[in-house]
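*Asks:* Using the sequences and the hints given, assemble the complete structure.
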Amino acid sequence: MEEHGTTVLFDIFGLKVSSFVTTMWAVMAVILIISFFATRNLKKVPTGAQNVMEFLIQTLIGFFAGVMGEKNAKQYLPILATFFIFILLSNYSGLLPMAGHLPGLAAPTSTLSVTAGFALVVFFCTHFFGIKEKGLGYFKHFFQPVAFLFPLMIIEEFVRPLSLSLRLYGNIFGEEMVTAQLFSMAPFGVPIIMQLLGILMGLIQAFVFTLLTAVYIGGATADHH
Amino acid sequence: MHIDFHDLIWAIINFIVLLAILYKFLYGPIMRTMESRENEIKRNITQAEEMRVEAEASRAQLQEALNDARKEAQEIVNNAVKVGEETKNQIISEAKDSAAKLMQKAQEEIQREKEQALAEIRNEVANLAVLAAGKIIGKTITADDHKKLVDQYIQGVGGIQ
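Protein chains in written order, with this note's numbering: chain A, 1 to 225; chain B, 1 to 161.
No wet-lab data here; the hints were simulated from the structure. All figures in this text were calculated on a predicted structure; none of them were measured in a lab. Among the hints, a few may not be true.
[What the hints assert, rightly or not] Taking lysine to aspartate or glutamate and the DMTMM-like style, the derived pairs with C-alpha atoms no more than 25 Å apart in a straight line are:
| id | chain 1 | residue 1 | chain 2 | residue 2 |
| --- | --- | --- | --- | --- |
| 1 | A | Lys71 | B | Glu108 |
| 2 | B | Lys24 | A | Glu156 |
| 3 | A | Lys74 | B | Glu40 |
| 4 | B | Lys42 | A | Glu70 |
| 5 | A | Lys43 | B | Asp68 |
| 6 | B | Lys24 | A | Glu133 |
| 7 | A | Lys74 | B | Glu120 |
| 8 | B | Lys42 | A | Glu54 |
| 9 | B | Lys148 | B | Glu120 |
| 10 | A | Lys44 | B | Glu38 |
| 11 | A | Lys71 | B | Glu35 |
| 12 | B | Lys42 | B | Glu54 |
| 13 | B | Lys96 | B | Glu115 |
| 14 | A | Lys43 | B | Glu108 |
| 15 | A | Lys44 | B | Asp68 |
| 16 | A | Lys44 | B | Glu35 |
| 17 | A | Lys44 | B | Glu40 |
| 18 | B | Lys71 | B | Glu85 |
| 19 | B | Lys82 | B | Asp68 |
| 20 | B | Lys82 | B | Asp97 |
| 21 | B | Lys24 | A | Glu54 |
| 22 | A | Lys74 | B | Asp68 |
| 23 | A | Lys43 | B | Glu40 |
*Replies:* Right, here's the structure in full:
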């Protein structure tokens, strides 16, 4: 099967812009517009959009606090919440009609290139925060609990971004392929069920990616015994 | 399944740009607002608790003052009752005294009146008896004789008594 949306539309400073990139920009624009309306007039007693945004942020803080503690959850909320919202809306962009077939519209998370980019951000952030929190002592945890497991620990560190990116890409790409196949077989009815499943899947995958990121950052910044 | 490095770089750039913008315009302001609200609520709760404790203290103080005042009032009433009782007893005993004195005086008066009356009656009787005797004798008795006779008679009556 061939990935859709790989057509290069134009390039900026030598970087080729594909449909995935333009869709990411659209998703970013939507997020920015929503946050603009949510924070346009912040009040002590919240109303309307501010309420919704505060609820979302509180929910995310509560969710991450269960993984990495309240203090860490608040400290790393920006990166985690950005991943969550960005991935969630990217997943959902694949549910739009003609996504993947229309030039300029293709779910960014349905290509390994984009999910690998995200996973790399997670990889570097995890180690950066670890070193920032604990200095050079951070590297000690690669030799714990026993030193001879060091090669395994290193492999694990590199498997993490691989599994993060493959899981997200595989799920979203697979879901889109199934929807497309169902659509070609029975255009009415059946794809709707897959679309509804897609709403759930998109949410779950965004949650899983963000949850694992929280676990990695939490593990890197936590005190090892 | 291949990796397009242009897409990969774009993904990283886009993520960092989005994170930076959201950090400045969404998380920062919202977290600050929520934090300041949280602090305000905490402060309000602390203040309310302080006020409650204060109110409790002043209530206890008032209660104490009220109790003191009640005790004092009770004392005053007790004193007044005691003083009243004393005054009553005094007045009664004084009244009894003066009644007894009055009674004695009256009795003395009566006694004196009685004696005086008796003496007058004796005189009168003696006079009458002398007059009657003079009539019977038919001779006018001189003043000296008269006096002598009366005195004798009185002494006689007194002897009888």
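*Asks:* Each of the hints needs a verdict: does it hold here or not?
*Replies:* How the hints compare with the structure:
1. Restraint check for A:Lys71 and B:Glu108: the C-alpha separation of about 114 Å exceeds 25 Å, so the hint is violated.
2. Taking the CA atoms of B:Lys24 and A:Glu156, the gap is near 34 Å; set against the 25 Å cutoff, the hint is violated.
3. Distance restraint check for A:Lys74 and B:Glu40: the Cα-Cα separation of roughly 19 Å lies within the 25 Å cut-off, and the hinted pair is therefore satisfied.
4. Restraint check for B:Lys42 and A:Glu70: satisfied, since their Cα atoms lie roughly 18 Å apart, inside the 25 Å limit.
5. As the CA atoms of A:Lys43 and B:Asp68 are separated by approximately 52 Å, the hinted pair breaks the 25 Å bound.
6. Note on B:Lys24 and A:Glu133: the hinted pairing holds, with a Cα-Cα distance of about 23 Å set against a maximum of 25 Å.
7. Under the criterion of a C-alpha separation no larger than 25 Å, the hint pairing A:Lys74 with B:Glu120 is inconsistent with the structure, at around 132 Å.
8. The hinted pair formed by B:Lys42 and A:Glu54 meets the criterion: a straight-line CA distance of about 18 Å does not exceed 25 Å.
9. With a CA separation close to 17 Å, the supplied pair B:Lys148 and B:Glu120 stays within the 25 Å bound.
10. For the hint linking A:Lys44 to B:Glu38, the alpha-carbon distance of about 10 Å falls within 25 Å, and the restraint holds.
11. The suggested pairing of A:Lys71 with B:Glu35 holds, with an alpha-carbon distance near 13 Å, which does not exceed 25 Å.
12. A hinted pair counts as satisfied when its Cα atoms are at most 25 Å apart, and B:Lys42 with B:Glu54 qualifies at roughly 18 Å.
13. Of the supplied pair hints, the one linking B:Lys96 and B:Glu115 is violated, its CA atoms being roughly 28 Å apart against a limit of 25 Å.
14. In summary, the hint linking A:Lys43 to B:Glu108 is not supported, as the alpha carbons are separated by about 109 Å, beyond the 25 Å threshold.
15. The suggested pairing of A:Lys44 with B:Asp68 is violated, with an alpha-carbon distance near 49 Å, which exceeds 25 Å.
16. A C-alpha spacing of about 10 Å is found between A:Lys44 and B:Glu35, which places the hinted pair at or below 25 Å, so the restraint holds.
17. Only pairs whose Cα atoms come within 25 Å are accepted, and A:Lys44 paired with B:Glu40 is accepted, the gap being roughly 9 Å.
18. Pair hint B:Lys71 plus B:Glu85 holds up; C-alpha atoms about 21 Å apart against a cutoff of 25 Å.
19. For the hint pairing B:Lys82 with B:Asp68, the CA-to-CA distance comes to about 21 Å; that is within 25 Å, so the pair holds.
20. Restraint check for B:Lys82 and B:Asp97: the C-alpha separation of about 22 Å stays at or below 25 Å, so the hint holds.
21. The hinted pair formed by B:Lys24 and A:Glu54 meets the criterion: a straight-line CA distance of about 16 Å does not exceed 25 Å.
22. Taking the CA atoms of A:Lys74 and B:Asp68, the gap is about 57 Å. The hint is violated against a cut of 25 Å.
23. At most 25 Å may separate the alpha-carbon atoms for a hinted pair to count; A:Lys43 and B:Glu40 meet this at roughly 13 Å.
Checked against the numbered hints given earlier, this structure breaks hints 1, 2, 5, 7, 13, 14, 15, 22; the rest are met.
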